[in-house]
Amino acid sequence: MIFRIGRYKTKVKIGIARDKAFCFYYRDNLDLLEQAGAQLVYFSPVSDPVLPPGISGIYLGGGYPEVFAKQLSENQSMREAIKRKSMAGMPIYGECGGFMYLCDRLVDRKGKAWKMSGCLKIKIRMLNYLKSLGYREVTFTGDTIIGKRKQTVRGHEFHYSEIVERPGDLDYLYTLSNGKQEGCIDGNSLGSYVHLHLARSVATIQRVVRLLSRLLRGLQLLLRCGQDLRNFFLTLLRSFGSFRIATVLHALSHRRQIEGVRPRRSVGLKPHFELAFLVAADSDLRHTHI
11 MIFRIGRYKT KVKIGIARDK AFCFYYRDNL DLLEQAGAQL VYFSPVSDPV
61 LPPGISGIYL GGGYPEVFAK QLSENQSMRE AIKRKSMAGM PIYGECGGFM
111 YLCDRLVDRK GKAWKMSGCL KIKIRMLNYL KSLGYREVTF TGDTIIGKRK
161 QTVRGHEFHY SEIVERPGDL DYLYTLSNGK QEGCIDGNSL GSYVHLHLAR
211 SVATIQRVVR LLSRLLRGLQ LLLRCGQDLR NFFLTLLRSF GSFRIATVLH
261 ALSHRRQIEG VRPRRSVGLK PHFELAFLVA ADSDLRHTHI
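First residue of the sequence shown? That's 11 in our numbering, and the numbers climb one at a time after it.
Accuracy of the hints is not assured; some may be wrong.
[As the list claims (entries may be wrong)] Derived Cβ-Cβ restraints for the label pairs, each shown as a range:
| no. | residue 1 | residue 2 | range |
| --- | --- | --- | --- |
| 1 | Phe-34 | Gln-161 | 20 to 28 Å |
| 2 | Lys-125 | Tyr-52 | 22 to 30 Å |
| 3 | Tyr-139 | Leu-50 | 15 to 23 Å |
FYI, nobody ran anything at the bench for these hints, they're computed from the structure. None of the values given here were measured: they were computed from a predicted structure. Every residue gets a Cβ at the ideal spot worked out from N, C-alpha and C, and that includes glycine.
Model the full assembly from the supplied sequences, consistent with the hints where possible.
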(Lines of atoms letter the chains of each structure in order from A and count residues from 1; the text may use other names and numbers.)
(Lines give C-alpha, C1' and ligand atoms only; values in the text may rest on other atoms or scores of the structure.)
Protein backbone atom coordinates (compact mmCIF):
# COMPACT_ATOMS: atom_id res chain seq x y z
CA MET A 1 0.00 0.00 0.00
CA ILE A 2 1.77 3.18 -1.16
CA PHE A 3 -0.96 5.70 -0.33
CA ARG A 4 -1.26 7.35 3.08
CA ILE A 5 -4.07 9.52 4.44
CA GLY A 6 -5.01 11.07 7.76
CA ARG A 7 -6.88 8.95 10.27
CA TYR A 8 -10.27 10.13 11.48
CA LYS A 9 -11.10 9.45 15.13
CA THR A 10 -14.04 7.09 14.85
CA LYS A 11 -15.45 3.72 15.78
CA VAL A 12 -17.35 3.35 12.54
CA LYS A 13 -17.89 -0.19 11.27
CA ILE A 14 -18.54 -0.81 7.57
CA GLY A 15 -20.01 -4.11 6.41
CA ILE A 16 -18.08 -5.50 3.42
CA ALA A 17 -19.73 -8.23 1.34
CA ARG A 18 -17.08 -10.86 0.66
CA ASP A 19 -17.74 -14.40 -0.50
CA LYS A 20 -17.85 -16.43 -3.70
CA ALA A 21 -20.46 -14.08 -5.20
CA PHE A 22 -18.72 -10.81 -4.23
CA CYS A 23 -14.97 -11.05 -4.53
CA PHE A 24 -13.70 -8.08 -6.53
CA TYR A 25 -12.50 -4.97 -4.70
CA TYR A 26 -9.67 -2.60 -5.35
CA ARG A 27 -7.45 -3.39 -2.38
CA ASP A 28 -6.45 0.27 -2.19
CA ASN A 29 -10.06 1.26 -1.43
CA LEU A 30 -10.23 -1.11 1.54
CA ASP A 31 -6.79 -0.14 2.83
CA LEU A 32 -7.67 3.55 2.65
CA LEU A 33 -10.93 3.03 4.54
CA GLU A 34 -8.98 1.34 7.32
CA GLN A 35 -6.34 4.04 7.32
CA ALA A 36 -9.08 6.65 7.65
CA GLY A 37 -10.27 4.92 10.83
CA ALA A 38 -13.04 2.57 9.69
CA GLN A 39 -13.30 -0.99 10.94
CA LEU A 40 -14.13 -3.35 8.07
CA VAL A 41 -16.45 -6.20 9.01
CA TYR A 42 -16.85 -8.91 6.37
CA PHE A 43 -20.04 -10.86 5.75
CA SER A 44 -21.52 -13.20 3.16
CA PRO A 45 -24.78 -12.35 1.34
CA VAL A 46 -24.76 -15.94 0.10
CA SER A 47 -24.59 -17.82 3.40
CA ASP A 48 -24.93 -15.46 6.40
CA PRO A 49 -28.49 -15.15 7.74
CA VAL A 50 -28.00 -11.65 9.21
CA LEU A 51 -25.82 -8.58 8.81
CA PRO A 52 -22.91 -7.98 11.21
CA PRO A 53 -24.05 -6.05 14.31
CA GLY A 54 -23.15 -2.41 14.82
CA ILE A 55 -22.39 -1.46 11.22
CA SER A 56 -23.04 2.09 9.97
CA GLY A 57 -22.76 1.39 6.23
CA ILE A 58 -22.53 -1.40 3.64
CA TYR A 59 -20.13 -1.82 0.71
CA LEU A 60 -21.07 -4.43 -1.93
CA GLY A 61 -18.21 -5.01 -4.35
CA GLY A 62 -18.04 -6.70 -7.72
CA GLY A 63 -18.26 -10.40 -8.46
CA TYR A 64 -20.62 -12.95 -9.95
CA PRO A 65 -24.13 -12.64 -8.50
CA GLU A 66 -25.51 -14.17 -11.71
CA VAL A 67 -23.59 -17.39 -11.01
CA PHE A 68 -24.93 -17.58 -7.45
CA ALA A 69 -28.34 -15.99 -8.11
CA LYS A 70 -30.22 -18.99 -6.71
CA GLN A 71 -28.33 -18.93 -3.38
CA LEU A 72 -28.60 -15.16 -3.08
CA SER A 73 -32.31 -15.22 -3.82
CA GLU A 74 -32.98 -18.08 -1.40
CA ASN A 75 -31.17 -16.25 1.42
CA GLN A 76 -34.32 -14.27 2.16
CA SER A 77 -33.30 -13.15 5.64
CA MET A 78 -30.17 -11.40 4.30
CA ARG A 79 -32.02 -9.81 1.38
CA GLU A 80 -34.66 -8.44 3.72
CA ALA A 81 -32.08 -7.26 6.28
CA ILE A 82 -30.29 -5.18 3.64
CA LYS A 83 -33.59 -3.83 2.32
CA ARG A 84 -34.61 -2.76 5.84
CA LYS A 85 -31.30 -0.95 6.30
CA SER A 86 -31.81 0.78 2.97
CA MET A 87 -35.32 1.90 3.89
CA ALA A 88 -34.05 3.15 7.26
CA GLY A 89 -31.52 5.37 5.47
CA MET A 90 -28.29 3.47 6.07
CA PRO A 91 -25.70 4.41 3.42
CA ILE A 92 -25.26 1.42 1.06
CA TYR A 93 -22.96 1.40 -1.97
CA GLY A 94 -22.80 -1.34 -4.60
CA GLU A 95 -20.67 -1.54 -7.74
CA CYS A 96 -21.13 -3.88 -10.69
CA GLY A 97 -22.07 -7.23 -9.07
CA GLY A 98 -22.94 -5.38 -5.87
CA PHE A 99 -25.12 -3.00 -7.89
CA MET A 100 -26.93 -5.97 -9.42
CA TYR A 101 -27.64 -7.33 -5.93
CA LEU A 102 -29.06 -3.96 -4.86
CA CYS A 103 -31.59 -4.21 -7.68
CA ASP A 104 -35.03 -5.78 -7.51
CA ARG A 105 -34.67 -8.62 -10.03
CA LEU A 106 -31.84 -10.38 -11.85
CA VAL A 107 -32.82 -12.32 -14.99
CA ASP A 108 -30.34 -15.08 -15.87
CA ARG A 109 -29.41 -16.24 -19.37
CA LYS A 110 -32.18 -18.84 -19.31
CA GLY A 111 -34.79 -16.15 -18.68
CA LYS A 112 -35.46 -16.97 -15.03
CA ALA A 113 -35.90 -13.95 -12.76
CA TRP A 114 -34.34 -14.11 -9.28
CA LYS A 115 -35.21 -11.83 -6.38
CA MET A 116 -32.38 -9.62 -5.18
CA SER A 117 -32.41 -7.17 -2.27
CA GLY A 118 -34.80 -4.67 -3.88
CA CYS A 119 -33.05 -1.53 -2.59
CA LEU A 120 -33.20 -0.11 -6.12
CA LYS A 121 -36.34 -0.71 -8.19
CA ILE A 122 -34.40 -1.92 -11.21
CA LYS A 123 -34.49 -5.09 -13.28
CA ILE A 124 -31.21 -6.48 -14.66
CA ARG A 125 -30.86 -8.96 -17.53
CA MET A 126 -27.82 -11.12 -18.28
CA LEU A 127 -26.53 -11.14 -21.86
CA ASN A 128 -24.58 -13.63 -23.97
CA TYR A 129 -22.13 -10.96 -25.05
CA LEU A 130 -19.93 -8.31 -23.43
CA LYS A 131 -21.99 -5.20 -22.81
CA SER A 132 -19.27 -2.80 -21.66
CA LEU A 133 -15.52 -2.74 -21.05
CA GLY A 134 -13.05 0.06 -20.41
CA TYR A 135 -11.69 2.73 -18.11
CA ARG A 136 -14.12 5.41 -17.01
CA GLU A 137 -13.95 8.96 -15.74
CA VAL A 138 -17.16 9.87 -13.92
CA THR A 139 -18.55 13.09 -12.47
CA PHE A 140 -21.07 13.02 -9.63
CA THR A 141 -24.44 14.53 -10.53
CA GLY A 142 -25.19 15.46 -6.90
CA ASP A 143 -23.85 15.27 -3.36
CA THR A 144 -23.62 11.72 -2.02
CA ILE A 145 -21.76 9.93 0.75
CA ILE A 146 -19.04 8.84 -1.70
CA GLY A 147 -18.62 12.11 -3.56
CA LYS A 148 -19.71 15.71 -3.98
CA ARG A 149 -21.49 17.25 -6.95
CA LYS A 150 -19.16 17.90 -9.90
CA GLN A 151 -16.35 15.87 -8.29
CA THR A 152 -14.56 13.63 -10.82
CA VAL A 153 -13.21 10.16 -10.03
CA ARG A 154 -11.95 7.24 -12.11
CA GLY A 155 -12.64 3.54 -12.39
CA HIS A 156 -13.43 0.81 -14.88
CA GLU A 157 -16.46 -0.99 -16.29
CA PHE A 158 -16.72 -4.67 -17.26
CA HIS A 159 -20.05 -6.51 -17.41
CA TYR A 160 -22.27 -8.88 -19.36
CA SER A 161 -25.61 -7.47 -18.22
CA GLU A 162 -27.84 -4.48 -18.77
CA ILE A 163 -30.70 -2.57 -17.17
CA VAL A 164 -34.06 -3.45 -18.74
CA GLU A 165 -36.44 -1.73 -16.30
CA ARG A 166 -35.79 1.48 -14.41
CA PRO A 167 -38.26 3.95 -12.85
CA GLY A 168 -38.23 7.30 -14.56
CA ASP A 169 -37.94 9.17 -11.28
CA LEU A 170 -34.81 7.32 -10.12
CA ASP A 171 -31.87 9.74 -10.05
CA TYR A 172 -28.63 9.06 -11.92
CA LEU A 173 -25.41 8.87 -9.90
CA TYR A 174 -22.77 9.82 -12.49
CA THR A 175 -22.19 11.48 -15.81
CA LEU A 176 -19.46 9.74 -17.83
CA SER A 177 -16.84 11.65 -19.79
CA ASN A 178 -18.72 10.77 -23.02
CA GLY A 179 -21.88 12.44 -21.67
CA LYS A 180 -23.72 9.19 -20.86
CA GLN A 181 -25.49 9.02 -17.49
CA GLU A 182 -24.75 6.02 -15.29
CA GLY A 183 -25.58 4.57 -11.91
CA CYS A 184 -28.58 5.00 -9.68
CA ILE A 185 -29.35 6.57 -6.32
CA ASP A 186 -32.39 6.20 -4.11
CA GLY A 187 -32.10 7.83 -0.69
CA ASN A 188 -28.75 6.68 0.69
CA SER A 189 -28.59 3.56 -1.50
CA LEU A 190 -26.20 3.98 -4.44
CA GLY A 191 -25.27 1.60 -7.22
CA SER A 192 -23.34 1.62 -10.48
CA TYR A 193 -21.62 -0.66 -12.97
CA VAL A 194 -18.41 1.35 -12.52
CA HIS A 195 -15.72 0.01 -10.16
CA LEU A 196 -14.24 3.13 -8.58
CA HIS A 197 -10.55 3.35 -7.73
CA LEU A 198 -10.26 6.01 -5.04
CA ALA A 199 -6.52 6.10 -4.34
CA ARG A 200 -6.25 9.33 -6.33
CA SER A 201 -9.32 10.74 -4.58
CA VAL A 202 -8.48 10.14 -0.93
CA ALA A 203 -10.76 13.00 0.11
CA THR A 204 -13.64 10.73 -0.91
CA ILE A 205 -12.51 8.04 1.53
CA GLN A 206 -12.14 10.58 4.32
CA ARG A 207 -15.59 11.93 3.49
CA VAL A 208 -17.17 8.47 3.77
CA VAL A 209 -15.65 7.78 7.19
CA ARG A 210 -16.31 11.29 8.50
CA LEU A 211 -19.99 11.28 7.50
CA LEU A 212 -20.56 7.75 8.76
CA SER A 213 -19.01 8.81 12.05
CA ARG A 214 -21.45 11.71 12.26
CA LEU A 215 -24.32 9.33 11.57
CA LEU A 216 -23.15 6.99 14.30
CA ARG A 217 -22.73 9.84 16.76
CA GLY A 218 -26.16 11.24 15.90
CA LEU A 219 -27.86 7.90 16.41
CA GLN A 220 -26.06 7.42 19.73
CA LEU A 221 -27.39 10.79 20.87
CA LEU A 222 -30.85 9.78 19.73
CA LEU A 223 -30.80 6.76 22.04
CA ARG A 224 -29.92 9.00 24.98
CA CYS A 225 -32.83 11.39 24.50
CA GLY A 226 -36.15 11.22 26.36
CA GLN A 227 -38.99 9.31 24.70
CA ASP A 228 -40.90 12.39 23.49
CA LEU A 229 -37.80 13.99 22.01
CA ARG A 230 -36.74 10.67 20.50
CA ASN A 231 -40.13 10.31 18.79
CA PHE A 232 -39.78 13.83 17.42
CA PHE A 233 -36.35 13.05 16.01
CA LEU A 234 -37.57 9.78 14.51
CA THR A 235 -40.34 11.64 12.71
CA LEU A 236 -37.71 13.93 11.22
CA LEU A 237 -35.54 10.95 10.28
CA ARG A 238 -38.39 9.42 8.31
CA SER A 239 -39.27 12.75 6.69
CA PHE A 240 -35.84 14.05 5.75
CA GLY A 241 -33.40 11.11 5.78
CA SER A 242 -31.25 9.77 8.58
CA PHE A 243 -27.92 10.96 7.30
CA ARG A 244 -28.55 14.71 7.24
CA ILE A 245 -30.57 14.72 10.50
CA ALA A 246 -27.92 12.65 12.29
CA THR A 247 -25.33 15.19 11.16
CA VAL A 248 -27.49 17.95 12.67
CA LEU A 249 -27.75 15.94 15.89
CA HIS A 250 -23.98 15.61 15.93
CA ALA A 251 -23.65 19.38 15.58
CA LEU A 252 -26.22 19.91 18.34
CA SER A 253 -24.13 17.85 20.76
CA HIS A 254 -21.55 20.62 20.63
CA ARG A 255 -24.08 23.44 20.97
CA ARG A 256 -26.77 22.43 23.41
CA GLN A 257 -27.08 19.85 26.19
CA ILE A 258 -29.30 16.91 25.26
CA GLU A 259 -30.05 14.56 28.14
CA GLY A 260 -26.55 14.42 29.65
CA VAL A 261 -24.49 15.25 26.55
CA ARG A 262 -22.13 18.04 27.62
CA PRO A 263 -22.31 21.11 25.34
CA ARG A 264 -19.50 23.39 24.28
CA ARG A 265 -21.85 26.34 24.45
CA SER A 266 -25.55 27.10 24.58
CA VAL A 267 -27.49 29.04 21.98
CA GLY A 268 -30.47 29.55 24.26
CA LEU A 269 -33.02 27.36 22.47
CA LYS A 270 -34.70 24.16 23.50
CA PRO A 271 -33.07 21.24 21.66
CA HIS A 272 -36.10 20.32 19.57
CA PHE A 273 -36.80 23.94 18.57
CA GLU A 274 -33.15 24.42 17.63
CA LEU A 275 -33.19 21.23 15.57
CA ALA A 276 -36.38 22.29 13.80
CA PHE A 277 -34.81 25.67 13.07
CA LEU A 278 -31.67 24.11 11.59
CA VAL A 279 -33.73 21.72 9.49
CA ALA A 280 -35.98 24.49 8.20
CA ALA A 281 -32.94 26.62 7.35
CA ASP A 282 -31.52 23.91 5.09
CA SER A 283 -33.21 24.69 1.78
CA ASP A 284 -31.56 21.76 -0.01
CA LEU A 285 -32.54 19.17 2.59
CA ARG A 286 -35.11 17.33 0.53
CA HIS A 287 -32.89 17.18 -2.55
CA THR A 288 -29.47 16.27 -1.15
CA HIS A 289 -28.43 12.61 -0.98
CA ILE A 290 -26.31 12.62 2.16
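Exercise. Regarding Phe-34 and Gln-161, is the given constraint of 20 to 28 Å on their beta-carbon distance met?
Worked result: Since the Cβ atoms of Phe-34 and Gln-161 sit about 23 Å apart, the hinted range of 20 to 28 Å holds.
For this session: May I ask you to test the hint 15 to 23 Å on the CB atoms belonging to Tyr-139 and Leu-50?
Result: 35 Å, violated
For this session: Starting from the hint 22 to 30 Å, judge whether the C-beta atoms of Lys-125 and Tyr-52 obey it.
Result: Distance hint for Lys-125, Tyr-52 holds at roughly 23 Å.
When the structure is compared with the earlier hints, a violation turns up for hint 3 alone.
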